[in-house]
Structure formats: structure tokens, C-alpha cells
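**Student:** With the hints in hand, could you dock these two chains into one complex?
Each chain, written out:
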Amino acid sequence: MAKWTNISQIKQSIESGSAEEVTTSYLDIIGKSKMNGFVAVSDEAINDARKIDADGHDGALAGVPIAIKDNISTKGLSTSCGSKILHGYVPPYNAHVIEKLKDAGAIVIGKANMDEFAMGTSTESSTYGPTLNPWDKERVPGGSSGGSAAVVAAGEAPVSLGSDTGGSVRCPAAYCGVVGLKPTYGAVSRYGLVSYANSLDQIGPLATNVSDIATVMDVVGGYDARDSTSMKHENNYHDALKDDVDGLKIGVPEEYFGEGIDENVEKSVWDAIQKFEDMGASYEKVSLPHTKYALASYYIIAMSEASSNLARFDGTRYGHRVDGDNWHDMASKTRADGFGDEVKRRVLLGTYALSAGYHDKYYLKALKVRTLVKQDFDKALANVDVLMAPTMPAPAFKIGEKIDDPLSLYLADVNTVPINLAGVPSMSVPCGMTDGLPVGLQIIGNHFDENTIIRAAYSFEQNTDHHNNKPPEVA
Amino acid sequence: MVYENPDGVRIGLEVHVQLNKLNTKLFCGCSTDYHDSDANTHVCPVCLGLPGALPVLNERAVEFAMKIGLALGCDIVEQTQFHRKNYYYPDLPKGFQTTQYDFPIAGEGKVVIEGEDGERDIGITRAHMEEDPGRLQHIGSIDKSKGTLINYNRSGMTLIEIVSEPDMRSPKEARRYLDKLRSILDYLDVFNGDLEGAMRVDANVSVFMGERVEVKNISSFKGAERALLYEIMRQKNQIRRGGEITMETRHFDEAMGVTLSMRTKETENDYRYFPEPDLVPMRVAGRVPDVAATLPELPDAKRKRFLEQYEMSNMHAKALTSHIRVANFYEDVAAKVSPKDAAVWVADILKGELNYRDLGIDAFTLDDIIEIIELVIGNKITEQSGVEIIRAILDEGGKPQDIVQAKGLLKVEDDIVANAVGEAVTENPEAVADYLAGKEKSLNFIVGKVMQKTRGRADAKEAREMVLAKMRS
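Chains as they are written, first to last, in my numbering: chain A, 1 to 475; chain B, 1 to 473.
So here's chain B without its partners, still in its complex pose (with noise of 0.2 Å):
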């Protein structure tokens, strides 16, 4: 089935990533673990722009940017060259943003993406390499404010701005595109995603070929979707209503869930971009080969790899693929249980229950998810009861053998269970009688009575085998 693209919605991405796994920021030595800092306590003369003061280039910043650019399939420059990109804004130490131009470190990529309709390729025009402005924090409110604070701690942060082509059809492309994007970072460990601020996207949205809408102000990825569905649907009814779109920025508000014009294409910037004089260029393209051989298995490779080599579904290797961690957090149970056992309580059981709880693979230890699947495939213990342990773990803490003894989950000996079946048929002749008529409803009527005399213990889908054939006997 192909995807028509009823509204001819065509939207292109800028993600910036901060590459807050670097140990120092882009063009200073000061140190980027800032988060539970106090303001302005992660600073020099060179990230807070004071006079005098001059930019040295990050080569390690360099080289997870060429990393990223590697990742993403595309060409990398022969030599880094930045410009200044200038305007005022008080985040902005030096008056200018150092950032890259005319040269990207990046060139022409692509990512791949599950569409609307399958496979679909998105394209990259490009990544570029810039810093991170400082932050403004306002005393109390934004509207009742009575003065902005500014606090330099991220300024001078290597951003990498990770520019698509407009190839998403719908707000779900997007999301796909960033949760693709994500997964693929996340596999290059040169960020970590879960702090503030470290991917921030801006979108471009037309509607029916004409002109495109930038959207501001994007800090998550459910924001983006939402920020495009309103976006599109107000560019239709804007055209149904008989009105034109013109080119424009606009900013999404995300507690209204609305987007509102920031300016027009007349008030654009001049940004009166020109070459950074205090930079030299460093050549890279000879450092390519070294870099390409540090890149990891990305997604799509180990998703591919998977299917082959542990013979599990499609669905199984996609969830266990797209992060990096739960890939790994797999692949170690794999090596212990059977890889078949591991896919279904990896992927179907933990994941859907470390979800709920809005929790990562690093929750939960290695250890304890294999003693309960061991536990399960040993016939100690039944599969609910490994849930059960899972979600005692989760919720309350406390290793697998203590929450089976406290729960008394152990299953009970077979015998046991054969004498409760046999009491069950024996003490319950009208309902087998019922069974043997066609009457299907009264086998559960039975094994729920041997349920009843282990106290649930005993493994419900081998006791209604063993009530059958009794009363084939």
C-alpha cells in the first residue's frame, strides 16, 4: 500500500544535539558537567566571550563530529572551517555565534526510517558543528519577572546541527525520523539524551507545495509531533479559508500546544556571516579511515544481525535494537538462556514493564532477569509468577529467591497436583459428565477446583492437561 500523502505535507528537521559526553566545551577547557552546578561556576574568559579572549578547537569535539557524520552516511570535509554568525542576544557572550557555514564537517547523508507505507529513506543535507549559547532564567515567572538572569554554564557546549531534507510526510514520519536519530546517537555514546537541553529540534512544515513555516522552541520529541499536527492543520485551514501561507517563523508554545508568529521573512536576520579569523582550519578528511573504524554496529546492521543470528521476529528485533543498552542488556541474557527465552522476557515482558514505570534497561540487573527466566524454563516457578517477581523487583526492590520464598511462588510437587486433580474429577462427576457432553466451559469449572486445593500454585495450563486426561482415563 502506498502512501498517498493526501495534504502534500512535506516537513524537514534541524536537530541539535549537545555532545555533552565530551569532557570539555567546543573552544575552552572548561569541564561540561555543569547540570547540578551552580550558575556561572563552569566558565572562562573564553566561554563567557571576555575580551582578549580566544577560541581553541575541540579536536575530540571534531572527531564525534565526524563520528555523527560517519553514522549518517555522509561526506566529510577536507579541513573544518568556521564562521561568525552574528546577532545580539544577552545568551550570547561574544555577540556572534561561532558555528560552521559554507564547509559543514558533514555533507550529504541519509537515515532510514519505518514510513507511512515502509521503508523510506531521509535524506541529510548536512551537519554542522557550532556552540551552545548560555541560559536566561527568569526570577519568578516569565511574565511577572522582574529581572533575567543569564547563566554562562552552557555556553561554549559543542552542538551538532543535524540538517534533513524534506522528506517526512506526516508528524509520525518525524517522530521516527527523531526517534531513529536518537537510537543512532545513542549507539555512538557521544550524548546522553536523558539530560536537559541535549536534543532540541526545529521543524520546517508546507502543506500542498507551498511556502514553509519554520517551527521554533521544539524540547521534545512529543512536542514535535504535536507542534506539527497543529502547524499542519492550521496552514489547511488557513488555504480552505482562502488565506496564503507565507514563509515565517514561528514558535510553538507547548502548554497551549499552539504555534504563534515570531517574525516574517522581511524581519530576518542579516547575520552577516564571515569567516572566524581566531580559528585556524584543521584538516580531517586524512583522519577518516580512524574514525570509521571506531563506529559501532549501528541499529539497522545489528537489527538485521539479530533476525540471522537468533532466528527471532521482526517485531522482537526491532524493540531490541533501538536502544544500544537494551541491545546489549539481550544479548548477555541470549548468552545464558536460550535466545528465544530471552527475546520474549527482554523484549516483550521487562520492556513493557519498565515502560510503564517510565524506566531504562539499567533498572534492572542482568542477574536478576536471568535467575527468573532460569526459574521459569527450570519449571520452579510459573511465568506469572516470573512477572510477578519482575514487578516486586521493580516496584519494591529485593532479589528473586527472596520475593519467590516470601510469596511462596515455588511451584508446587507434581503429585500434589495429581492428587488435587484426581480429587477434583472424582468430587465433581456432574461437571465431567457436562465436559464429556461437549459442554467445553466445565473443564475451566474443574481446574479451577485444583487451582483452589494448591492455592494457585500449580501451573494452570499443565493442570488442565492433567484434569483431561484424567477423564479420558
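Bound conformation, chain A alone (with noise of 0.2 Å):
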């Protein structure tokens, strides 16, 4: 455990002392782990933090750790979305977010456990097996940035970066008891980003505080001509830093508090709300009516892109290989022996899903559907500024719990997916706890409206102290 547990405090340190000592510090930290939350350290994080002390950096995270989950491209460091196919495989260029950070001062320190590719909720199915959950050793992390929420509740390093495609990184900032934002489709740059389903995916942070959150979206949110789907949009996240929801509206949506939901997940969350309404916050009930399509549309959908982004890990080019009689031989050996049953799963699924015949059936009405959870969301943040839901329906299960039921740990995302279909921003901060567990609040905004998430989540955790709630070996 650091003795950081934000980036101005890390920022202080290295002003009375060293971005080096802060370096040193955290990679310490993580060699001495027994998360397995990080796959890979950085061979280059002490040189960058020394030449930041050598150089001087006025950049917003001048010597600030950062964790990478393991699908961010990083030139010179390995990037293998924790699948076996892709081992040994060093990117020659850097995501754009990368490239950001860097600018930023930002030290990468090495990349964070995850599903393979991306596909789950629990970084069970990564090849480096599963990251523990720094709360309870025996229960998961969520996922798919599990590596990325459980480094930084377990101070293994202060800010994280993820991705989430169906609810990836406010999943486990539920399990974990951080911050996580999935921002607005199109609000941060994919290029470099390993494709899962592309027209889900966005790059999120993920931290202890709102406050970092902000910082870190300065810095890697904004256009990129190499992602034709980034927007220009400017924004200051930080000018939303402030303790003030008087007059919010917020919406309740019914449907987010179905069966199955923990009972005292629901209390948690119900308090949160009525604490917003204790410092002016007004909320109403209401109805996002196609959410229970949500799921299966996005399941869908994501699996039908994700079966043609997984086309190109063949062995001809990089990563693993089986050699075979010939080049169909070499790339079915390779593709069998080098992913995971739950990447083998989505691609066949999704490969049937867009094959002649299903088509329509399937792939078509899925967009279909995906346009009627899009207008469930315009029309009720037509009437509210954010809504509020839990993030997960129940706390953290235990390793092994459901990996062999994979429709049980699909149904876990029914409340983080709509938001990837409809492309809004949504974020999970903790508010409170179940059997010493944590518990996530979803605050969910209208699109490119960050920054009144971000204002309401601020102002939660000025008024609260759920987030000063930490895991028994790091408090």
C-alpha cells in the first residue's frame, strides 16, 4: 500500500521530494503483490520518472504512476489483452491515450490483468489467471478491468486506466470500491485501443476520487483524426468540480432495481439517493421500458463485431503461433490453442449471428432494439440531468462461483449495458458497503454532459465518506 492515495498528494511528494522515490515507491508496491493485478511492469517507468526530475514536467500528472489495462496499445511494452495469442506480442506505436499521458508527464508503470479480451466480468478468463478482489482474496475483481479497479483500491498504483464495453470499468469499480467513468461514445480516442466490439467501446479512468477522474479525462479525453468516431467536442472536466447539486434532477429508473437485485445493494443505493436529496437534489421514478432487450441486443451486437475484430490474430503476423501443414492448418491450431473458451464462445456466436439466414434475425434487430434503448434514454434525460441506479445488482461473487455458467455472469451487466448501446456516459462511485463488501453507485448523464456527473459525484463524496472506506490490508 502506497502512502498515496491521490494524485495531488503524489504531486506534492515529488515536489518536496522525487517523481524517482514515487517510482520506486509503487514499483515496490507491485513486486511484492500477490493481486497478480498488473501482467506486465514497465521496464522504462524509472527512467521516464527520472527524466522527469532531471527534465521538470509542468504537465498535469508529471510523475504520476499510471496502470494500463492490457488492451491499451504501448510501443515497447507488452499488450496482450491477457490471451495467450497474443503472447510475445510488443506494440511499435502508442494508443493515442498513451501518447496523451506521456505528454502529460504521466508515468505508464505497467499493464493491468484483464478478460481476455475484454470478455467478461470477472478477468477470470485472462491466461494469467484471475486478480484477486483486494477486499476478499476469494471473490473477483469484476471485470473486464479488473486488473486496472483492483491496483488502485489496492494502492498498487493511484490511477488506472480501462475500457468498457458493456459496463468494463464500472463493474469493477463497483467490486473494488473506486471511481470509474465510462465516458460518452466518441469522447476519448480508441485508435490503439484493442477492438472488442467497436461500436461499444470507450476508454475510461478509473481512480480513488472524483477529483482524479477529472484530472485524467483533461488530459486523454478530446478529438483524434485516427478515430473517425472521436468527436470534436472540448470540454474542462475540471471546471465540474464542485459541491453543488442544488436543483439536480435525478431519475430513478425502475427497471435497474429488478430481480435478483442484493437487498443491500438496494438500501445503499437508496441512501445515496436520499442524501442527494438532503443536500437539494430533487429525483422522480422513471422508465427505461426496453431494458430488458438491452442485454440481449448488446450481447449481440458486441459478439458479432468482436467475431470479425478477432479475425486478424491468426499467428501470420505477431503473437502466438501452432505451426501447421499449411496456412488454414497454422491459423485454426493457433486460433484453438491461443484464445480462451469465453473468446471461442462470443466469436462463434457472434459468427452465427451475422451468417446468411440470421442476419436479420439476429443482428438486424439487435440494432433495431439498440435504437429503442437509445431513445429510452433521450426521452428520460429529456426530463432529469442525470439517473441513478446501482452499478452492479449484487456485491463481488467468489473466483469460480460462475465461470462455468456463463448466462449468470452475462446477466450481471444488466444494468451497465444499456448505457454502451445507448453511447451516454455513466460512472460508479462507492456508496456504501454489503457484508464488507462495496457497493457502486451508477450515476448516469446525457451525452457529452460528463461534467454533471462529474459535479454530482463530487458532491456525494464531499458530503459522504464511502470512499475513505478501504480494503483491511490497506487501511
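Take every hint as true, because none was put in to throw you off.
Examples of chain A residues lying across from chain B (beta carbon under 10 Å, computed):
1) 310
2) 319
3) 353
Straight line, CA to CA, 30 Å or less: simulated DSBU-like cross-link-like pairs of lysine-lysine:
4) B:85 - A:365
5) B:222 - B:304
6) B:85 - A:361
No wet-lab data here; the hints were simulated from the structure.
Note that the Cβ used here is the ideal one computed from N, Cα and C, for glycine as well.
**Tutor:** Here it is as C-alpha cells:
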């Protein structure tokens, strides 16, 4: 556990001490960790920190270590998406967000564990084995950005980047008791993010507090010509750090408190909403009627896109290869050996959904449902400023508990996937505990209205202590 | 005369045109100038399909595609859309090809060709944009090769696939269509057809309204004609023997000159097309007027103008307008000498000599041809000497004046010819008598004597006139 819990403490330490000291301290902690949160540690981190000390740097993240999900391309540092098929692959280029982080002086300290190709809710499908939840080592940290959340919760990195296709930042943030933001689709360039489902993927930060989320977003957000889906939308996230929710209108979607919801989760979320009321906000119940179809739509679209995205992993150019009698034999054997079960399941289902004769029945229908889900959000957010709901219906489950029951794993995403279908931003913030495990409150906003979410979350943080809860060994 | 099409032949062509005159590839900034470069030197994360790389549509490629669409009389789509065509092949780094599916950049249009029985419209179904895959290169010969190397320099090059209706009724019409298409593309200055793989052809052929067979891997226009001739004969023979034609894809073996079955319909790929999520639509409809304004005068229009403006024969007009550079060359020559002389010298003589040597019009300079024509018109050299100078320049190099000097081609003075004529007539009274008695051949004998005396530098036609005049005097 590092002695720093946020960026401003680190920056103070660097001013009075050095960036090298900070990075060394984190590297020591990572070296001793048994969490399996990191799958690769950067050899360059210490040199980068020394360089900051030697040359000086006035960037917003000068000398601040950051953990990067293993599906974001880092030049010279292994990027394997938690998959055997990418063993040995070292990107020759940096993702847009990495360039931005480096420009701001951040120290890329290592790569965080994840579900293979971001397909999962538990980080158990990683070829490197599961990451442990710092709150309970027998439980999963959530997924797919489980490593990114766990290392922040355990104090192995002050901030991290994850990616969120159907909840992959928010789920582990909730399970590990940290803050995680899925920005609006198009707010952060995906250039260099290894695609799982392109129309849903979005890179997002994780941190111990809302202010650090804003700091990282100010660095990584913004237009990038190399990602055609990135949007020209100027925003200053720091401007939203105000303790003021007076008059804020909250919508509470009833569909997000459905069957199977954990009682304590439900209570924590309602307590949080009441707290907002006490702080000057008001709430009303709203309906997102197509929520029940969102999960099916999401999985069809995500798997369809994934089946095509993952076609390039054939052992020909990079990564793992199993030799064969001819090219097709080599590619088949490589894919059979290199992909895990969950990836194979999704590639097969996606291939099926796009096949002649089924394309209209599944893929096209899923796109239509997606439009309806989007309209749900447009309507609801026309009358309220934000929506609030549980991020996950239940707290972190045990490692191995659900891995053989993919459907029950898919169902856990019920409150997070509609947000990706709609493309709107959403944040998970700690809002209480159930049986010693953190609960996440999900705050959903309108397109490119991250600032209202940040203002609400920041105000909540200023007026509550939930974010100060620390895992047993850390506390 | 109407062409009966006795075998009910229907041919449709799919022509892939590589827009190699673009500076960069379709979805990345890599240079397209790779033809003389080492393998895999014109590549980046995008065209190598590295994990995480994303495509960005080349706006100029869209403009080129629109130009082609407009030149073929096609409707241009409102906004671009790209799809993924999913299939596995080692030259395809992403495991799918980014192409256009139900919204091609250009819709229906037509090309006019000289058909079996006069001018004929060949319908264009569509023209769409897509990316070129890389190239496989075998170590040693393909059958004994120990391995295959992949060169991704070509990967991501912009292709336009132009799909025709099955409106061609013979391999000759198919060839004419290809020539016309090439001519139009040359005019548009969107590609260099001389580079390897700049135009690739797949053909769909059927006879007697039967099932169509697709013939792939045709790499030249000559190859297209041969492949089609073979395939039509094969289908006819099959039917004659009581067999059936089934829908299939065949491969043209250029060396053997035959088509071989690749796959039948049952084993056709399911490409699982779906919209490319990494590219957003680009609205292009509003740019049509601007792009249309950049279109040059096209071959058909130029031919009509040449006919009217220069009063030339239809044959000359066709010969001079099939290549834009020849047409421009002609107009430059016509501006200096008479259009008529220019037509004869460029279309008949110069083009003949160039074709014989497999050379393009660029192999000859404007100044040289103008100088040669002026020498002939000015009566300084004979027409035959003009041709000799052209040949000398093409085969050995040099400038017209020097060649004239070196070869002693200047025509001799008129009085020398007159003297020679006088001598020839005086010295050969028998031949003169024979001619006057009606033996036409005797005239040639006397003219031959004149040429002998002038060592060939007299103009034979003029000498003949002079001999006749002398004999009658």
C-alpha cells in the first residue's frame, strides 16, 4: 500500500522529494503484490520518472504513475489483452491515450490484468489467471478491467485506465470500491485500443476519487483524427468539481432495481439518493422500458463485432503461433490453442449471428433494439439531469462461482450494458458496503454531459465517507 | 447488319482498378509509391491491421471514385458507407476486407463501345470502393516453394470495382469494353495503367441463357479475351455433350490458356457483411457539382469534337482519341502544321511505328515530329525519308536535322532532277517508244533510271510527272 491515495498527494511528494521516489515506491509495492493485478511492469518507468526529475515537467500528471489495461497499445511494452494468442506481441506504436498521458508527464508503470479480450465480468478468463479482489481474496474484482480497478483499490497505482464495452470499467470499480468513468462514446479516442466491440468500446479512467478522474479525463479526452468515431467536443472536466447539486434533477429507473437485486445494494443506492435529496437535489422515478431487451441486443452486437475484430489473430504476423501443414491449418491450430473458452464462445456466437439466413433475425434486430434503448435514454434524460441506479445488482462473487455458467455472468451486466448501447456517459462511485464488500452507485448522464455526472459525484464524495473505506490490508 | 449472337453469349465484367495516382492509401497515410521498394516498407499499424489501429477514410480517394462514377454516368450515393467482408486469407491482415456493400459510391451508368454491329451501350451496375489486400510471394516456383512470403506494401491501396451488366455478346465486345474503360480512366488521370496489377478483371459468362460461370484471375486484356474464348467454347462443348452448366467459380490459367474449377456454389463463402463500425458516413452528395466541374473532356466527346473541328476521318478520330496523351499530342502538332497533315503523321505513321515497337506516345517528342512534318511539307525531304527519320530516332536516337545530314536525305535540287529526266528520256528511246505505244510499264523503267541518276533522293512521284511531261513535249 502506497502512502499516497490521490494525485495531489503524489504531486506534493514529487515537489518535496522526487518522481523517482514515487515510482520506485510503487514498483516495490507491485513487486511484492499477490493480487495478480499487473501482467507486465514497465522497464522504462523508472527512467521516465528520472527524466521528469532531471528535466522538470509541468504536465498535469508529471511523475504520476498510471496502470494501463492490457488492451491499450503501449509502444515497447507487451499488450496481450489477457490472451495467450498475443503472447510476445509488443506494439510498435502508442495508443492515442498513451501519447496524451506521456505528454502530460504520466509514468506508465505497467499493464493491468483483464478478462481475455475484455470479454467478461470477473477477470477470470485472463490467460494470466484471475486478479484477486483486495476486499476479499476469494472474490473476483469484477471485469473486464479487473486489474485496473484492483490495483487502484489496493494502492498499487493511484490511477488507471480501463475500457468499458458493456460495463467493464464500472463493474470492477463497483466491486473494488473505486471510482470509474465510462465517457460518452467518442469522447476519448480509441486509436490503439484493441477492439472488442468497436461501436461500444470506450476507454475510461479509474481512481480513488472523483477529482483524479477529472484530471485524467482532461489529459486523455478530446478529438483525435485517427479515430473516425471520436468527436470534436471541447470540455474541461476540472471545471465540474463543484460541491453543488442544488436543483439537480435525478431520475431513478425502476427497471434497474429488478429481480435478483441484493437487498443491501438496493438500500445503499436508495440511501445515496436520499443523501442527494438532503443536499438539495430532487428525484423522480422514471422508466427505461426497453431495458429488458438491452442485454440480448448488447451481446448480439458485441459478439458480432468481436467475431470480425478477432479474425486478425491468426498467428501470421505477430503473437502466438502453432505450426500447421498449411496456412489454414496453422491459423486454425493457433486460434484453437490461443483463444480461451469465453472468447471462442463469443466468436462462434457472433459468427452465427452474422451468417446468411440469421443476419436479419439477430444482428439487424439487435440494431433496432439498440435504437429503442437509445430513445429510452433520450426521453428520460430530457426531463432529468442524471439517472441513478446500482452499478451492479449484487456485490463481488467468489472466484470460480460463476465461471462455468456464462449466462449468469452475462446477467450481471444488466444495469451496465444499456448505457453502452446508448453511448451515454456513466460513472460508478462507492456508496456503501454489504457484508464487507463495496457497493457502487451508477450515475448516468446525457451525451457529452460528463460534467453534470462529475459535479454530482464530487458533491456526494464531499458529503459522505464511502470513498474513504479501504480494503482490510490497505486500511 | 444486326449481330445475331448465335450462342446466346452474355458476358459481364468486374474490373478492379487500383487508384495508384493517389498519394496515400485508402485508410492510412502510407505512400502508394511502393512499386520499386523493398517488401513491407510502405506499411503502418493501420494497413498491417495491427491490434488497435483504426481506419480513416482518404477524402481524395472518395473524390477520385466520384470522378469515375460521374464519368461513367452513374448516380453518386448521398453518403459513403463501408462494410466488412469477412474471410480468412494470409494476404488480408485484418481477416476482413473493408469494402462497400449495399451503398456503393456510384450506382447505375453506362459505357458506349463499338460493338459487333455498331455502337452499343454496356450498362454499369455499380462502382464501389474497397481496399487492396497484400501480395503473396512464393520462394522459388509456386509448386516447389518451401514457403510463402507476404508483402503488405499493396495492403490498403484504393481499389474501385466497376461492375458491368452482362451486356457483352462476344469476347471482342468484352475487349472493346475494357479498352474503353481504360481510355476513360486514363483521361481522368486517376491511375497509371502501366503499373503491375493496376487493372484486374473477373468475368461472368453464360451461353444460351444458362447459368453463369465466374472466371477469376485474369491479369490482362488479352488474357480476358483468351479466357472468354476458352470458357465459351468449354460451355458450348459441355452442352453439346449433353452436360449441364452449373454456377461455379473458375480460375484462368494464363500459361495453359484454360479455365479450371475453383469452387462450386455450395462451397461459396458466406462473407457475413456488416457495416464497418470504425468508419462514420461521409456526406458526398453536395460535392457532386464541384467534382463534376473537374471532369475533363472524355473520349467520346473528344472524338466528336475532332471530327467537327479538324474535319478528319472517323478512323483518325478514334485512333487519336483513345489515349488522352495521344489526343493532346495530336492537338499540339495540329496547332503547328495543318490538322490534316498532323492527323496523317500522328495517327497513321507515328502511331504505327510506336505500336510496332510497343512504345507509347511519350517515346517521341513534339518538336521532332513537327520538324519532320515541316521538312516534308516544305519539300525538303521526301515522305519516305520522314518515315526513315522517325525510325532512326526510335531505334538509334538523334535529332531530325542530324539524321537528315548523316543519311543525306535532303531532296536534290529540281534542275538536277530535270537534267536526270532529260538524260533518262534521251538515253532510252526504245522505252519511250514502248510507253507511247501503250506499254505502261516502260514508264517505271525510265523513272527508275531517274532515281538511279539522283541516287534515290528525287521524289519518285514528282520524277514520274516530269518524265511524262518530257516524253509528251
